[in-house]
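S.K.: Below are the chains, spelled out letter by letter.
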Amino acid sequence: MRTDFVVREVATGLRRNVTMTVAMVLTTAISLVMVGTGLLAVKTIDATEAIYSDRLEIRVALTQDVSTADADCTQPICAGLRSTLENSPLVAGVTYENQQEAYQRFQELFAGQSVAELARPQSLPATLRVKLVDRDGSTEAAAAAVKQAMDNQVGVRTVIDQRDVVSKLFDFLGGVRNVTFALALVQAVAALLLISNTVQVSAYTRRTEVGVMRLVGATRWYTQLPFLVEAVITGVVGAVLAGAGLLVGKIAFIDSLLAGIAQNGVIPPVTLADVLTVSAYLVPIGAVIAGITGYVTLRLYVKV
Amino acid sequence: MIRLERVTKMYKTSTRPALDRVSVEVGKGEFVFLIGPSGSGKSTFLRLLLREDVPTRGKIWVTDLDVAKLPRRKVPRLRQRIGVVFQDFRLLPNKTVGENVAFALEVIGKSPSTIRKVVPEVLELVGLEGKAERMPHELSGGEQQRVAIARAFVNRPLVLLADEPTGNLDPDTSQDIMLLLERINRTGTTVVMATHDHSIVDSMRRRVVELDMGRVVRDEAHAVYGVGR
Ligand SMILES: Nc1ncnc2c1ncn2[C@@H]1O[C@H](COP(=O)(O)OP(=O)(O)O)[C@@H](O)[C@H]1O
Ligand SMILES: [Mg+2]
Chain X
1 MRTDFVVREV ATGLRRNVTM TVAMVLTTAI SLVMVGTGLL AVKTIDATEA IYSDRLEIRV
61 ALTQDVSTAD ADCTQPICAG LRSTLENSPL VAGVTYENQQ EAYQRFQELF AGQSVAELAR
121 PQSLPATLRV KLVDRDGSTE AAAAAVKQAM DNQVGVRTVI DQRDVVSKLF DFLGGVRNVT
181 FALALVQAVA ALLLISNTVQ VSAYTRRTEV GVMRLVGATR WYTQLPFLVE AVITGVVGAV
241 LAGAGLLVGK IAFIDSLLAG IAQNGVIPPV TLADVLTVSA YLVPIGAVIA GITGYVTLRL
301 YVKV
Chain F
1 MIRLERVTKM YKTSTRPALD RVSVEVGKGE FVFLIGPSGS GKSTFLRLLL REDVPTRGKI
61 WVTDLDVAKL PRRKVPRLRQ RIGVVFQDFR LLPNKTVGEN VAFALEVIGK SPSTIRKVVP
121 EVLELVGLEG KAERMPHELS GGEQQRVAIA RAFVNRPLVL LADEPTGNLD PDTSQDIMLL
181 LERINRTGTT VVMATHDHSI VDSMRRRVVE LDMGRVVRDE AHAVYGVGR
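Just so you know, the sequences run in chain order X and F. Quick note on numbering: the working numbering labels position 40 of the first sequence as 40, and the sequence is numbered without any gaps. Quick note on numbering: the working numbering labels position 11 of the second sequence as 11, and the sequence is numbered without any gaps.
Any given hint could be a false lead.
[Said to hold, decoys possible] The list that follows gives simulated cross-link-like pairs (lysine to aspartate or glutamate, EDC-like), each with its CA atoms no further than 20 Å apart: (1) X/Lys131 with X/Asp171; (2) F/Lys95 with X/Asp4; (3) X/Lys147 with X/Asp161; (4) F/Lys12 with F/Asp64; (5) F/Lys110 with X/Asp4; (6) F/Lys69 with F/Glu5; (7) F/Lys28 with F/Asp53; (8) F/Lys117 with X/Asp4; (9) F/Lys110 with F/Glu121.
[Said to hold, decoys possible] Just some of the chain X residues that point at chain F, by a computed CB distance under 7 Å: (10) Phe5; (11) Val7; (12) Ala11; (13) Leu215; (14) Val216; (15) Thr219; (16) Tyr222.
[As the list claims (entries may be wrong)] One-sided and incomplete, this derived list gives chain F residues near chain X with beta-carbon spacing under 8 Å: (17) Arg79; (18) Val84; (19) Leu92; (20) Glu106; (21) Gly109; (22) Lys131; (23) Arg134; (24) Met135.
I should point out that these hints are in silico values taken from the structure, not numbers from a laboratory. All values derive from a computational prediction rather than experimental measurement. We treat Cβ as the ideally placed atom computed from N, Cα and C, and that holds for glycine.
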């Protein structure tokens with residue numbers, strides 16, 4: 001195979017339909033940006049879930065009288081609840097937070113705000129903080145069991161599942177991911193059609209050359225490779241643009257948008273490394289998709 | 001070199017076969033005219049040899065290759081053994097004469113050094129020495145056909161097929177092209193030329209295979225075109 005020949009043919013082909021080439025690069029880039037955004041969303045969701053699955057606890061808030069009376073969970077009601085929890089195979093650990101500790105945490109959380117001054121230790125409940133056992137990657141089963149065991153027990157005021165609080169966030173992120181992937185899919189179909197069309201146009205504008213090649217006995221590598229390389233190059237250029245787009249998107253939007261919550265550790269930040277990794281994936285994805293589309297098009301529509 | 005056994009070609013869109021039980025054998029180094037009126041099946045005959053199309057029935061051999069049964073990936077092997085020229089030259093308009101000829105070698109993977117050596121030789125053989133840098137539109141019709149012949153012959157094929165190569169040329173230029181094809185034939189290359197030009201056939205006195213409505217109606221050595229046609 002003569003590489004100089006292929007290089008020359010590809011250069012001619014790309015130059016001959018500049019507008020088509022540009023359209024193809026841009027469409028590919030946009031669809032890959034969406035794929036990339038989807039991948040980043042997935043990664044963020046996974047990382048967020050990982051953070052919370054460690055941290056999330058069930059909090060069993062105790063009634064006012066038990067809270068006030070018991071500073072270290074040694075009296076019968078609290079101790080009973082605690083041993084029930086500790087004996088459950090679904091519970092990884094139980095810690096007791098008394099009113100004084102709850103008060104301190106409350107002060108840290110709302111430091112400088114007026115509610116911090118209004119609060120009194122006596123008005124806050126003591127809680128049993130229950131760490132759950134992870135079964136098959138989920139604490140679902142454990143949470144349900146603990147809730148059932150603690151609800152309506154003597155001395156229990158409420159059972160708070162922290163996972164309920166963040167599930168809204170997960171729902172939101174999941175929605176972002178799904179919408180992005182749906183758009184990426186639509187856009188990818190457009191990109192595929194455009195690549196296919198460009199290959200056909202390209203083959204048509206070079207039908208004389210291809211005709212001569214066939215007649216003199218050029219193998220399919222020679223007749224088809226220039227078109228394939230053309231498609232792959234546009235795919236790769238599209239992917240590189242998409243990577244640049246993601247980077248700009250991160251710096252211009254994500255960083256400022258998520259700055260607050262990411263710093264607080266509510267969700268993990270989208271790092272530069274994440275964006276670069278995803279961009280690096282986009283290049284082979286773009287190349288392979290464009291190459292396969294080009295190949296199929298040549299097989300189906302172009303007599304070479 | 002070439003053998004057709006009861007070859008029938010039906011195109012989907014027509015009821016009459018384009019070739020009807022055609023059996024012809026052409027030996028190595030022969031020069032054969034394929035004659036007949038327009039629509040008699042001459043181009044179809046040549047297309048089948050090139051595997052541009054497959055016969056509906058019958059067998060075709062070119063050298064040791066079973067053309068109709070040849071798998072797709074071996075078609076290039078067949079075509080590298082066959083040179084072809086057409087009435088309309090089919091040169092690449094944006095390449096020079098030299099590049100047009102070189103292109104045929106490039107796309108079958110010949111090395112640059114071979115190409116540099118062989119292209120001037122073949123241009124000289126066809127009488128185009130010194131015109132390698134010209135563009136096709138700067139040449140006369142006869143010269144353009146010489147480029148096409150150079151391109152068809154540069155890889156030294158065993159067989160040269162010509163489909164009305166003089167169809168667009170005036171009689172004098174046609175005679176020059178015939179001399180060139182004769183010279184190529186003398187190198188041992190088998191030549192099959194489709195034509196309906198009486199004077200050329202008559203002046204050459206070579207084997208004539210005549211087709212009519214897809215049938216071989218005459219196969220005669222040292223023949224003329226025939227009376228009243
Ligand atoms: N691609 C085709 N599809 C359908 N019919 C064809 C095709 N090519 C040729 N024919 C028909 O086959 C017959 C022979 O054509 P052709 O081989 O071109 O004859 P010639 O070259 O002697 O003029 C004609 O009737 C022509 O109309
Ligand atoms: Mg014809």
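S.K.: Take the hints in turn and mark each one as holding or not.
M.R.: Cross-check of the supplied hints:
no. : hint                   : in the structure
1   : X/Lys131 with X/Asp171 : violated (23 Å)
2   : F/Lys95 with X/Asp4    : holds (16 Å)
3   : X/Lys147 with X/Asp161 : holds (8 Å)
4   : F/Lys12 with F/Asp64   : violated (29 Å)
5   : F/Lys110 with X/Asp4   : holds (12 Å)
6   : F/Lys69 with F/Glu5    : holds (14 Å)
7   : F/Lys28 with F/Asp53   : violated (23 Å)
8   : F/Lys117 with X/Asp4   : holds (19 Å)
9   : F/Lys110 with F/Glu121 : holds (15 Å)
10  : Phe5                   : holds (5 Å)
11  : Val7                   : violated (12 Å)
12  : Ala11                  : violated (13 Å)
13  : Leu215                 : holds (5 Å)
14  : Val216                 : holds (4 Å)
15  : Thr219                 : holds (5 Å)
16  : Tyr222                 : holds (5 Å)
17  : Arg79                  : holds (3 Å)
18  : Val84                  : holds (5 Å)
19  : Leu92                  : holds (6 Å)
20  : Glu106                 : holds (5 Å)
21  : Gly109                 : holds (6 Å)
22  : Lys131                 : violated (19 Å)
23  : Arg134                 : violated (18 Å)
24  : Met135                 : violated (15 Å)
In summary, the numbered hints that this structure violates are 1, 4, 7, 11, 12, 22, 23, 24.
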